[in-house]
Amino acid sequence: MLQVLLFASLRERAGWSERSLFWSSDYATPRAVWNLLELGSLQGISIAVNQELVDADQPLQAGDELAFLPPFTGG
Amino acid sequence: MLQVLLFASLRERAGWSERSLFWSSDYATPRAVWNLLELGSLQGISIAVNQELVDADQPLQAGDELAFLPPFTGG
Amino acid sequence: MGLIHVEIRLAGFDPWQELAQWSGHAAAASVFVGRVRSTAMDGRPLQALELEHYPGLCERQITRMAVQLQREHAAGAMLVIHRVGRLVPGEPVVLVAVQADRRGAAQRCSAALLEQLKHHAPFWKREWCADQGIWLEENTPL
Amino acid sequence: MGLIHVEIRLAGFDPWQELAQWSGHAAAASVFVGRVRSTAMDGRPLQALELEHYPGLCERQITRMAVQLQREHAAGAMLVIHRVGRLVPGEPVVLVAVQADRRGAAQRCSAALLEQLKHHAPFWKREWCADQGIWLEENTPL
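Protein chains in written order, with this note's numbering: chain A, 1 to 75; chain V, 76 to 150; chain L, 151 to 292; chain H, 293 to 434.
Next comes chain A alone, as it looks inside the complex (with noise of 0.2 Å):
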């Protein structure tokens, strides 16, 4: 399983925030993962794996929590 996650602008445009999906290697990698995910470009997109920030070709494993980011506006 990978837990999917989503924040702010990517959660109201999906209209959802958290969702299960079972491992494979089909969607071995966080952008393999975004293109199954349909929600438009990458680009500007951040995500953590675990909690870290990763690059978007960083192998993924079953049980990882992978979240995308929007851009960050804090502050």
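Hint data in this document are derived by calculation from the structure and do not stem from the laboratory. Misleading hints may appear alongside valid ones.
Stated by the list, open to error - Here are the computed distance ranges between Cβ atoms for each label pair: (1) H:Gln424 with V:Phe97: 35 to 41 Å; (2) H:Pro381 with V:Gly138: 40 to 46 Å; (3) L:His175 with A:Met1: 49 to 55 Å; (4) L:Leu292 with H:Asp334: 36 to 42 Å; (5) A:Asp57 with H:Asp306: 28 to 34 Å; (6) A:Ala56 with L:Thr189: 53 to 59 Å; (7) H:Arg336 with A:Glu65: 51 to 57 Å; (8) A:Asp57 with L:Pro239: 39 to 45 Å; (9) H:Arg336 with A:Asp57: 21 to 27 Å; (10) L:Pro195 with V:Gln133: 36 to 42 Å; (11) A:Glu18 with L:Thr189: 51 to 57 Å; (12) A:Glu65 with H:Gly304: 25 to 31 Å; (13) H:Ala303 with A:Gln43: 57 to 63 Å.
Only a predicted model underlies this, so the values are computations on that prediction, with no experimental measurement involved. The C-beta atom is built at its ideal place from N, Cα and C for all residues, glycine as well.
Chain A is already provided as a structure; the job is to place chains V, L and H on it using the hints.
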């Protein structure tokens, strides 16, 4: 009359903080008064006349408050 | 090296009261307080500002940036408090405070931490005007 | 343009309490607090720091610099409190606070005012170590 004020290290060096001088055309500028006081070089000393910072050659008038100020070290 | 305290708050806070509790006796302390503006990015009156964060990652990212900056600037104690939830105009959003032995170090470190926090910590703002919420796409310019 | 409040204090003050009373609701507030170090410039333990000023000229100079910087940076309310008299290590010497609509303006204006205050306002420091007082010849580096 001229009221002459010294502050901080200048006051300690001179041994006085405030003096009245009879105004005379012999010391018609802060520089001339300073030379009279024999307190060393004017280098680095700021000058205020009637509580405005001025140049060493600004003409003085009877009744002026003239202050010699060592380098500022506040804040 | 001083303590680094990072906190995300759901409840409102008074920055000066927080500082009174935190305050050490370093020669220099530089503090920034950011509050909710009364107008939205597009100039309309703002009802509220909603702030969301990614719990866990957010605190860790800020702490990591603070540790790095503390080392770079030879700074001392650091305090970051950041609000989340629904805020009204005038309410404090963020407090960043840095102590150091030199004023320059305290000022530069505090300003750098604020910028990093704005650009590299997972917070998101939504402006509410006339009962409509709009997610901000980017931060205010420096 | 906000109010400019400049005060020279003979009695000790709590910067956070002063800020709590001053605090407005501008989007940005940048604050600096300077305290007495525990060591003298030459490294010896400091007993006390004595601060003298030229009353009248001092307040006027600071206010003039503040007015000028407020205009340059489009800043809002500004607060300066500066101690004089005999201070012990850890006591606040100076508080500079600037509000503005932008964080950059608040930070730059506050830092600039602190530098001007250090270099262009008639204050003098004397360090006391082992019951001997030494007038400082120059300020600490930035």
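Status of the hints after comparison with the structure:
no. : hint                               : result
1   : H:Gln424 with V:Phe97: 35 to 41 Å  : holds (38 Å)
2   : H:Pro381 with V:Gly138: 40 to 46 Å : holds (43 Å)
3   : L:His175 with A:Met1: 49 to 55 Å   : holds (52 Å)
4   : L:Leu292 with H:Asp334: 36 to 42 Å : holds (39 Å)
5   : A:Asp57 with H:Asp306: 28 to 34 Å  : violated (54 Å)
6   : A:Ala56 with L:Thr189: 53 to 59 Å  : violated (37 Å)
7   : H:Arg336 with A:Glu65: 51 to 57 Å  : holds (56 Å)
8   : A:Asp57 with L:Pro239: 39 to 45 Å  : holds (43 Å)
9   : H:Arg336 with A:Asp57: 21 to 27 Å  : violated (59 Å)
10  : L:Pro195 with V:Gln133: 36 to 42 Å : violated (54 Å)
11  : A:Glu18 with L:Thr189: 51 to 57 Å  : violated (34 Å)
12  : A:Glu65 with H:Gly304: 25 to 31 Å  : violated (52 Å)
13  : H:Ala303 with A:Gln43: 57 to 63 Å  : holds (58 Å)
Figure legend: structure checked against the earlier numbered hints; hints not met, in rising order: 5, 6, 9, 10, 11, 12.
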